[in-house]
Amino acid sequence: MRVIFAGTPDFAAQALAALLAAGHDVPLVLTQPDRPAGRGMKLQISAVKQLALAHNLPVFQPERLKDPTTHEPIRAAQADVMVVAAYGLILPPAVLDIPRFGCLNIHASLLPRWRGAAPIQRAIEAGDKETGVTIMQMDVGLDTGAMLLSETLKVGAGETAGELHDRLAALGARLIVAALAQHNALTPIAQPASGANYAAKISKAEAQLSWDEPADQLARKIRAFNPFPGATMTLAGEPVKIWRAQAIANTVTGNPGQILIADAHGITVATHDGALRLTELQKPGGRRLTEASAVNLFENFLRNIP
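Here my numbering is used: the first residue of the sequence shown is 848, the next is one more, and so on.
The hints are simulated quantities; they were obtained by calculation from the structure and are not laboratory data.
Backbone N, C-alpha and C fix where the C-beta goes; we use that ideal spot for every residue, glycine too.
With beta-carbon atoms standing in for the labels, derived distance ranges:
id, residue 1, residue 2, range
1, D986, R1135, 37 to 47 Å
2, E910, G1005, 31 to 41 Å
3, G1133, P874, 42 to 52 Å
4, S1041, R1134, 41 to 51 Å
5, H1030, A901, 19 to 29 Å
30 Å max Cα-Cα, derived DSS-like pairs, lysine-lysine:
id, residue 1, residue 2
6, K1088, K1048
7, K1051, K889
8, K1130, K1048
Work out the full structure: start from the sequences and follow the hints.
So this is what it looks like as structure tokens:
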């Protein structure tokens, strides 16, 4: 098929690579404009653009798609279908109608649960035991279109958003190839009205956590915010990034934020309900430290153990 591809991050790049490997003709790639990033704030090209350039594919990077003049390259591509994955721009109705078979979205949740920008993180934060990928026929709503194909993945007990992202990206790449291979045989299924949740974009403000929260809730948030934006808490008066932690049975009691145990297994801190064992920490400007190394770094905290 002639496939226009629209996407930006690595999640999308894996799908584009799979489409190319499957032999589809990609006459046009849409991706976000180059953005400044990193300490030097130099312009960075997206993972999708990197892959497109490596395959000598035409790349189009509009700031938005409201202006009808931006639709001309899409029309000129004469595509059978547009595949969209984590693109970052809203497609207006005029664009949705251009490809012969419309636009298909690779969405990293089991719709209608977790429509929106951060389905992977919100699933972990909510404690979902399973998630997956849905291939959806796009309409004018936000992830409201008819479902064409889906597959479920179990969420690992200690899995981070980054780890789950990688598994879902591989699944999405495989499913979109399967969906195009059997496109004429797929039956669109309308999303049920019940069970819909909105997965709001993750903000940096959410990363500041409090020991007054229950331990299991903190553990889920730490996993959900790894690798971005990284959960931050105050430990013995110092700000600390917490990358990995486990909720454990509170065998020693203490006030929220009080260090209970520090040993080779990590640093155990009292929370509002239960205790949290910290196993990967990072002080501002420092490197990530795990278990025994973290204990050595925070040896001055030991005096706070009751």
